[in-house]
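Listed here are the chains, written in short residue letters.
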Amino acid sequence: MDPFLTSRIVSDILGGLTNGVTYGMVALSLVLIWRSTGILNFAQGAMPMFATYIGFVVFKGHLDYWACVGISVLAAATIGGLTERFLVRGLYGKPEINPIVVMVGFLIVLEAVAAGIWSTTPQSLPNPFSAFDWHLAGKPLALSPFTLYEIITALIVMIAVAALFRFTKLGLQLRASAMAPEVSRLLGVRVGRLLTLGWILATVVGVITTILVSGGGFFSGLTPQVMDGIFAYGFIAAAIGGLESPVGAIVAGVVLGVVNQFVEAYVNQNAVIIIALALLVVSLMIRPSGVFTKSTQRRV
Amino acid sequence: MNLAWTRRRTPIAVALALVTTVAILNVATPRRGIALSLSIDVAIACLVALSLSSFRTSHPVVSRAALTLLGLDVALFITFFLGSSTNFNLATGASMSIVLLGLSFLTGASGQISLGNGAFMGVGAFVMAVWANHHATTPIVVTLLIAVVSGALVGLLLGLPATRLRGPYLAGMTLAFAVAFIFILNSFSSWTGGDSGLQLPTAATAPRWFDGFFHVGTSPLATTTLYLTDFTLVVAGVAFFFMANLFASRTGRTMRLVRDNDVAAELVGISLPRARVTAFVVSAGYAALGGALLTLIDNSASPPTYSFALSVTILSLIVIGGIGTIPGAIIGGIIYAFSVNVISWITTQSGLNPQGNFASQLNGIIFGGLLILTMLFAPFGLAGAARLMWHRVRARRPG
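In the order they appear, the protein sequences are chains A and B. All letters in the first sequence, in the order written, are residues 1 to 300 by the numbering used here. All letters in the second sequence, in the order written, are residues 1 to 399 by the numbering used here.
It cannot be assumed that every hint is accurate.
Unchecked claim - Here are some, though not all, of the chain A residues that point toward chain B, as calculated from beta-carbon distances under 8 Å:
| hint | residue |
| --- | --- |
| 1 | Pro95 |
| 2 | Val101 |
| 3 | Val109 |
| 4 | Ala112 |
| 5 | Val183 |
| 6 | Phe235 |
| 7 | Asn270 |
| 8 | Ala271 |
| 9 | Ile273 |
| 10 | Leu277 |
| 11 | Val281 |
| 12 | Leu284 |
To be verified - Okay, the calculated beta carbon distance ranges per label pair:
| hint | chain 1 | residue 1 | chain 2 | residue 2 | range |
| --- | --- | --- | --- | --- | --- |
| 13 | A | Pro95 | B | Ala248 | 16 to 26 Å |
| 14 | B | Gln355 | A | Gly171 | 44 to 54 Å |
| 15 | B | Pro354 | A | Ser124 | 26 to 36 Å |
| 16 | A | Tyr266 | B | Phe188 | 17 to 27 Å |
| 17 | A | Val247 | B | Ser85 | 49 to 59 Å |
| 18 | B | Gln355 | A | Val282 | 44 to 54 Å |
| 19 | B | Ile270 | A | Gly93 | 33 to 43 Å |
| 20 | B | Ser219 | A | Gln269 | 24 to 34 Å |
| 21 | A | Ser119 | B | Ser85 | 23 to 33 Å |
| 22 | B | Ser58 | A | Gly93 | 24 to 34 Å |
| 23 | A | Val282 | B | Val61 | 52 to 62 Å |
| 24 | A | Gly171 | B | Phe377 | 35 to 45 Å |
| 25 | B | Phe377 | A | Gln225 | 24 to 34 Å |
Quick caveat, the hints were computed from the structure, so don't treat them as lab data. Note that the coordinates shown come from a computational prediction; the quantities given were computed from them, not determined experimentally. Cβ atoms here follow ideal geometry from the backbone N, Cα and C, with glycine treated the same way.
Work out the full structure, taking the sequences as your base and the hints as a guide.
Shown next as structure tokens:
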């Protein structure tokens, strides 16, 4: 095989992986909230966006990168918890459009308020690692210290969430209160608190994604709408993988990232979201409840 | 016998009085006022038909037509006295209210929601513009129908997979479509004119009979605005009439059962996917009609209009107006027509810097905030709140 083509394909795969892990993380945070509270959170991009502004723009120039990350995570946890407690709590058991509408409203308000305070000009984030690509045999590889940091962080977050659910008592309680809230309550699980915790967890996963997405590159930066497109891809990934399955969401996100990269490189940029949408339509036609979920029966 | 005569006397007296009024009106008005007297005649006829409760129950379709005609009559009458800029706003609001009506039907009838109706509007707007640029001689009404059918077909394509599922898949998928729409337009930029969009080849002008009949006597531009406004209002009237009948028809009842209890609906032999897809296709077609009318009014279609923000605006308007209701669509349309004026008024009143960040974001803050508050405290919007108040007043009244 032509060495130039090989290196190009390797570059595309690496670039696709970097995008893919961010889609996977957004998809994961959507699945976390969907599984525990049955709500598709349309503000899942906007809530972390706001927290990132608090962490990075308010303290710009005063604190170093890692302290800003810490403040952003704290802000995200607060926003996630408060949102569940005061905005979402009253919506459980209502018709399914009510939470959708409220969360879309929250999305608009957050983006408008952020643009009102901090304007829509992109804010650059400090870089903890160099964003210059490594070279392999004299050619750029589409892999820089920053993108490596991006991929590794995403992997750590995903493994941590999986471990939390599978191996800890807290994770067991989270799963129990999502699957059978009444029974869990009778057995002494404080379901209300765990739902709040689920939202906090999802928003923290979201804020890490937002920090990774808006940092690093030369053309990227933090804007109020920074997560809009990524949210759309994250939803597509979550729907293809199945809203019930965290693993499915992550895998679908990564695959979607690679596919997008190839479409962008070999077709054109406009086709990226069109192909993604077509993939969603086709996959929903073939496997309506997702590639990675077993079909379930509904009890009446 | 005496009693029977008394009972019959009142309606006869009323009818005589009406006929006399109409006759005097028509004789007394000079030729210039013929449109005026005609509109009053129509209003009287419709009011009479609607005031008879036995007629309302025995001829529901005719009385719905009478109600539409009455509303249309009043609206057209008002446009005659308004300035061009207000009329232009009103026309925009009327085409938006058609879009809102479609979304209201989707939610009110099937319990689902779409975040992509702005994109379906875009489909209608661009089909209208592209068709008019290639076949300039096609009558406007036919072009509008083509736009509606195209919108409905795109709706079918997206709705088929998503409506088979429970949960918010349809909402998410329509969101993805709304985000993708601008890129879709860009991919076909040789047809859709790229970033600058498309102009209609010939600007719509008022036909001669319109000028003669109404004796507008204003500048040709103002006459054309009036004509376009009235045309949009008439199309909106027809759309509302169809929708009112659809809500009340067997299809409408089927869909409400699907919304309220899908298990029961399946047990009586209703196909859930078919009912949901039907509702979605109707809403997409209505959105396309609204978009096509907007192209006609603006004389052009530009891609940035049909961004995701428009879909969100549509959702806000119908929720604030009253989702699932027909009056909600009218209220939402009126809000849309005058929202720009109201928001700039708020900006000047509150002393915000008009060029500042907050002033430019005020639209989003107000609409988003109202969206949340309405859904939390009055889920059926202004129309629902008004209906509730009406019922309370009636309950308090003795008898």
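Going down the list of hints, with the structure as the test:
no. : hint                              : in the structure
1   : Pro95                             : holds, 6 Å
2   : Val101                            : holds, 5 Å
3   : Val109                            : holds, 4 Å
4   : Ala112                            : holds, 3 Å
5   : Val183                            : violated, 22 Å
6   : Phe235                            : holds, 5 Å
7   : Asn270                            : holds, 4 Å
8   : Ala271                            : holds, 6 Å
9   : Ile273                            : holds, 4 Å
10  : Leu277                            : holds, 5 Å
11  : Val281                            : holds, 5 Å
12  : Leu284                            : holds, 4 Å
13  : Pro95(A) / Ala248(B): 16 to 26 Å  : holds, 22 Å
14  : Gln355(B) / Gly171(A): 44 to 54 Å : holds, 51 Å
15  : Pro354(B) / Ser124(A): 26 to 36 Å : holds, 29 Å
16  : Tyr266(A) / Phe188(B): 17 to 27 Å : holds, 20 Å
17  : Val247(A) / Ser85(B): 49 to 59 Å  : holds, 57 Å
18  : Gln355(B) / Val282(A): 44 to 54 Å : holds, 47 Å
19  : Ile270(B) / Gly93(A): 33 to 43 Å  : violated, 25 Å
20  : Ser219(B) / Gln269(A): 24 to 34 Å : violated, 46 Å
21  : Ser119(A) / Ser85(B): 23 to 33 Å  : holds, 31 Å
22  : Ser58(B) / Gly93(A): 24 to 34 Å   : violated, 42 Å
23  : Val282(A) / Val61(B): 52 to 62 Å  : violated, 42 Å
24  : Gly171(A) / Phe377(B): 35 to 45 Å : holds, 36 Å
25  : Phe377(B) / Gln225(A): 24 to 34 Å : holds, 29 Å
Checked against the numbered hints given earlier, the structure breaks hints 5, 19, 20, 22, 23 and satisfies all the rest.
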